[in-house]
Amino acid sequence: MISVRGVRKAFGTATVLDGIDLDVHSGEVVSILGSSGSGKSTLIRCMNGLEKLDGGRITIDDFDVSRPKELAEARKRSATVFQLFNLYPHMTAVQNIALAPVEVLKIPRKQAEADARALLDSVGLSARADAFPAQLSGGQRQRVGICRALAMKPRYLLLDEITSALDPEMTSDVLAILAKLARDGTTMVFVTHEIEFARTISSRIVFLDKGQLVVDLPTAEFFAADGGMAKPRIAQFLSKMRKD
Amino acid sequence: MISVRGVRKAFGTATVLDGIDLDVHSGEVVSILGSSGSGKSTLIRCMNGLEKLDGGRITIDDFDVSRPKELAEARKRSATVFQLFNLYPHMTAVQNIALAPVEVLKIPRKQAEADARALLDSVGLSARADAFPAQLSGGQRQRVGICRALAMKPRYLLLDEITSALDPEMTSDVLAILAKLARDGTTMVFVTHEIEFARTISSRIVFLDKGQLVVDLPTAEFFAADGGMAKPRIAQFLSKMRKD
Amino acid sequence: MTFDLTILAPHIPFLVKGAVLTAEACVLALAGSLCIGTIVAALVTSASPVLSRIAYIYVDLFRNIPFIVQLFFFFYGLPEIGIYVNAFATGVIALSIAGGAFTSDVIRSGILSIDPGILEAAEVSGLSKPTIFRKIVMPIALRTSVRPLGSVFINLILTSSILSTITLNELTGSAKIVASDTFRPFEIYAVLLVAYASLTYLVSLAIGALHRYLNRDQTEAA
Amino acid sequence: GKLDDIRAQGTVRIGVSLGGEPIGFRDDKNNPVGYDVDVATMLAAKLGVPVEFTDVSGDARVSMLVSGQLDIVVANTSATLERAKTVNFSIPYNRAGLRVIVQKDAGIAKLEDLAGKKVVVGRGTTGESFLKKSVPTAELIYTDNFSPDGVLLLQQKRVDAAIEDSSLLDYLATKNDTLVTLPGLYSNDPIGIAVAKGDPEFVRWLDMFVSDYIQSGAYDANYKKWWGEKSNPPALTPLW
Amino acid sequence: MRYTAFTSYDIVLLAQGLGVSLALFLATTIIGLLLGSLWAIIRFYRVPVLMQIVTVFAELLKNSPVLVQLFLVFFGLPAFARLNVTPVEAAVITLSGNTAAFVYVIAVSAIESIGRDQIEAARVSGLSRWQVLRHIIAPQAMAFAIGPLTGLLVNQLQVTSLISVIGVVDLTKIGNILNLRTLKPFIVWAIVGGLYYVMAKLVAFGGATLEKRLRAHTAWKGL
Ligand SMILES: Nc1ncnc2c1ncn2[C@@H]1O[C@H](COP(=O)(O)OP(=O)(O)OP(=O)(O)O)[C@@H](O)[C@H]1O
Ligand SMILES: Nc1ncnc2c1ncn2[C@@H]1O[C@H](COP(=O)(O)OP(=O)(O)OP(=O)(O)O)[C@@H](O)[C@H]1O
Ligand SMILES: [Mg+2]
Ligand SMILES: [Mg+2]
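From first to last, the protein sequence lines stand for chains A, B, C, D and E. The first sequence begins at 1 in this note's numbering and counts up one residue at a time. The second sequence begins at 1 in this note's numbering and counts up one residue at a time. The third sequence begins at 1 in this note's numbering and counts up one residue at a time. The fourth sequence begins at 1 in this note's numbering and counts up one residue at a time. The fifth sequence begins at 1 in this note's numbering and counts up one residue at a time.
Source of the hints: derived by calculation from the structure; they are not laboratory data. Treat the numbers as computed from the prediction; the structure is a model and nothing was measured. Using N, Cα and C, we set each Cβ at its ideal position, and we do this for glycine too. Each hint should be verified, as a subset may be incorrect.
[Said to hold, decoys possible] So these bits of chain C aren't anywhere near chain B, every CB distance computed over 10 angstroms:
{"#": "1", "residue": "Pro10"}
{"#": "2", "residue": "Thr38"}
{"#": "3", "residue": "Ile57"}
{"#": "4", "residue": "Tyr58"}
{"#": "5", "residue": "Val194"}
{"#": "6", "residue": "Gly208"}
[What the hints assert, rightly or not] Cross-link-like lysine to aspartate or glutamate pairs, in silico, EDC-like; alpha carbons within 16 angstroms at most:
{"#": "7", "chain 1": "A", "residue 1": "Lys76", "chain 2": "E", "residue 2": "Glu120"}
{"#": "8", "chain 1": "C", "residue 1": "Lys129", "chain 2": "B", "residue 2": "Asp61"}
{"#": "9", "chain 1": "D", "residue 1": "Lys118", "chain 2": "D", "residue 2": "Asp105"}
[Unchecked claim] To give an idea of the interface, some chain E residues facing chain A are shown, with a C-beta separation under 10 angstroms as derived from the structure:
{"#": "10", "residue": "Ala121"}
{"#": "11", "residue": "Gly126"}
{"#": "12", "residue": "Ala208"}
{"#": "13", "residue": "Glu211"}
{"#": "14", "residue": "Leu214"}
Assemble the whole structure, with the sequences as input and the hints as a guide.
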């Protein structure tokens, strides 16, 4: 379980996260919605220990991510897909994916690279397995980023707008993979702008606004007229969705 | 008018664009659809002269982009927004936007920076105008990238998946801006994965598949059951769209 | 063996004169090598094969031949073909040319580590190549290479001690004279150490400040 | 004492200056030869150990003695009072005079004419301090090694004159017809063997060695060997 | 009296000098690279105390003339610390330390040149600091550092020539000896310069080859 308690984070004088409380239980899929700059990526970065908290506490399976020793444990159980992919430019797609399994999980390189190729195949990239990031299209890079996280067979997956560069075909393929992982018990935290996507996959939806968690509801309730939609801020947000 | 004639482009042995013909007339808004890796970004990169053609010819307002002298002219008339933003890391948002107007259009710096701030304001970023790219969220960076292109007041706009990191609210704001530009006569070429977006804004839709332009139809016809939808490849592509 | 700095007191003005000469030569040579280095780095990384070839030959020649040989060539060799340049000018020019070769190498490294996407963005917005170089390439390249550049400059200052071999009484030359007047080499070396360390430390400080300024976006919020 | 140390270490480390003939230079096989080298070789023979030569120049010869890197220096070192504050000298085994060499067309006939002229001096040599005192208005051009730097400056006519040991300059004048030496010898410096301070007995032994060198006729023979049969060895007084 | 002609013995002498310079260069380069990298790693890990010491020490070494350092080691150690050092030992100590100081600076800035986002991605996937250093930072830092490093080594190659003042007979000293004997500076320095040039070319060639390999992932198109 991921537990976020009273988390505060500021950059300089700007408070970006302002007292966030959130529990993600094992097997849950939670989507984080919110407008651009509301602090979604920052919250994810706090969860995997990339930002130092200015207040509050985050634990993953009871490991406190603020403590270096425990953070290492927490990271072994979780994996992150970044909004901007953050691939290693000097490594091919396969090497990008196989690195952590070899180094952290101590899987033999041969095996890890075979696994990596299998993963790439599952997202339609077997032909580009040996290309460097600079030789990949936007969507291809994003898929490599997703494979890199999945290769760690994590219990917790933190996903920051992973479908932004994917076309509808690819999106549905990736979603299918994630849905299967979710059924198998992987806990996921999604940041997304695609409300339909959130509706399809997640069991719970939370809504961030200016660094505060204003709504935390089961998916069905969130979209119910007397649930989340009753809140003016959310109604406004959702109304801007393209009507489709 | 942008004219693409028999364009071929290969990376090594892989042919990425395979004889593309496309005319974009002044005032038109053309969307390019296609699955990931189909060559959409490459086509845009060919149009603004970033890739050397292996065959064929591209002209913008009759300036051949393969000829250095004419390319300079073509670039004065056009602007590009990149899929991966490519902001200048050492400049603030305002500086990123004001650079080309000052240097290319010879607008006084004061004026250019004021314009830049106005643009940022129109996409809700006035508060972050003096932040560096590394201090911006994904969606904020993308908006800066869009402003940078708009600041050149181009006749032709080439846009590569500009909404990928935008939330629905922001997307509709940006779309409104672009729609206004289109009404004022700016010619646009869009690469996008959002079919609804394409349907709303564009006058024509072309569909790329494995480097070939398989469909080129007015928007209404494209979505008509006896138009683009009649082609199995497109029907398949569109069917994967989330049903919403 | 005693260590007594007071022995040097009467020679201080003389040493200071030497230090001033060193400082003058170095400031001029630093400016010179930065100019040459920037231009040459631009040429080396340019798309024109002829220009990059020429620049390459320059770097190759002046980086790979010992400075003292270059210096002797300029000072004792050029007069043979009728070119007389005074010792100070010879020293500054030789230092600039040699320093320029090393400088260009460091800047080139910085240029090559720039994300190509950024350059493409600049290119398509219609910026001319010189502008791209001035406004985008150089600032980003400098961000990553200020520190190695600092090393090159420090090396340059230290190398300037070789100018004593072409009759200049800069810091080292003066120190040698004082050393043979007083027979107190240790005290002199200690003073020399401090003097050069101060000169180069100034450069280090400036470089450090520049580094922080150029990389200010990497720190948390402005 | 030092004597025992040298015998214990099995070789004697002698610094010589190979900066100009006939004092010290290299033959066609690049081995050290010259007047000083011969003296040092004799010295080693008397000590009864093989010699290990180090080519020392300028102020390093004194520093290396002080820090114990060398046992003895036989490097044309003028025994001055200044230097004697730092190292010990034996009685003179040679004498040398300062000479001035000038460009023929520079219009310099006597020492005073050097006023305002460019004169090459070696950094830290006796010539430098002599000129500073006797012709303060001369413009000194400093080199670390008179040969070859000073020689080149003279040959390229970038300086008007130079001051150095007569042994070097007389030779140079015969090789260049644009250069002449002034007749005067401006000093008569005693040349001594230098050792580190702290062992008076060793200095005493060296004094005896030099006395023996002079009296046995080795001095005469050695001098004539390097300066020619017709030369007049300067008078040296043995102590013993 | 003067033997101004070149003889076959001169070639032997040049070869000896070349050998001495080369051996000294190789030894001090290897030690310097190891030491300098070690210091950079200490800084990367922010080892307390040690890191401060390294910073100060490196500052000191790179900010003072090698010649002065050489004198202090060669004359100072025996005089003040009663430690006898041979000229070769003094040269190795001094030049290694000096090389290390500059390697340290280059290594630090190379490490800093790598985007934070990648390091974050690697840390998050559970790689330890050491693994990040080895797999993410080192390969890319090398690509960045190889240019300045080649420059440094070429420079250090020439710096080795300073050791002739304490009596090590290296290539420059041989040049001096031959120059003095023959008074033909241009031939002598052309030959000596040529030999240095060839050595430097070898270093530079190695650097360029390595750089090409390390930069395989990015194509620089030129401006
Ligand atoms: N520099 C390169 N070297 C080799 N192959 C490349 C290079 N750039 C792109 N490619 C390949 O060319 C194909 C087309 O790439 P392109 O970027 O045009 O795709 P795209 O249609 O924009 O895809 P996406 O929607 O994922 O951005 C891809 O298979 C990609 O891997
Ligand atoms: N290093 C930083 N320094 C200063 N401000 C920062 C920094 N990183 C983020 N911010 C600011 O914090 C706010 C929240 O950023 P965050 O990346 O969490 O937004 P987000 O919700 O992920 O937005 P998006 O949907 O656009 O990705 C933004 O206003 C951003 O500008
Ligand atoms: Mg974000
Ligand atoms: Mg693309």
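The hint names glycine 126/E as touching chain A; please verify it with the least Cβ-Cβ distance against 10 angstroms. holds, 4 angstroms
Alanine 121/E was flagged as interface toward chain A. Is the shortest Cβ-Cβ separation under 10 angstroms? Holds, about 4 angstroms.
Could you grab the alpha-carbon distance between lysine 129/C and aspartate 61/B and see if it respects the 16 angstroms cut-off? violated, 23 angstroms
What's the verdict on lysine 76/A and glutamate 120/E, does the C-alpha distance respect the 16 angstroms limit or exceed it? With Cα atoms ~14 angstroms apart, lysine 76/A and glutamate 120/E stay inside 16 angstroms; holds.
Taking C-beta pairs only, is threonine 38/C more than 10 angstroms away from all of chain B? holds, 16 angstroms
Can we trust that proline 10/C is non-interface, i.e. its beta-carbon lies farther than 10 angstroms from all of chain B? holds, 52 angstroms
Hint check, glutamate 211/E versus chain A [nearest Cβ-Cβ separation less than 10 angstroms]: violated, 13 angstroms
Examine each Cβ of chain B, and state whether all of them lie more than 10 angstroms from the Cβ of tyrosine 58/C. Since the minimum Cβ distance to chain B is about 26 angstroms, tyrosine 58/C lies beyond 10 angstroms and the statement holds.
Going by Cβ atoms only, is alanine 208/E closer than 10 angstroms to chain A? violated, 18 angstroms
With d taken as the least Cβ-Cβ distance between isoleucine 57/C and chain B, does d exceed 10 angstroms? Since the minimum Cβ distance to chain B is about 26 angstroms, isoleucine 57/C lies beyond 10 angstroms and the statement holds.
Using Cβ atoms and 10 angstroms as the threshold, tell me whether valine 194/C really stays out of contact range of chain B. holds, 37 angstroms
Taking the closest pair, is the beta carbon of glycine 208/C still more than 10 angstroms from chain B? holds, 18 angstroms
Checked against the numbered hints above, the structure violates hints 8, 12 and 13; every other hint is satisfied.
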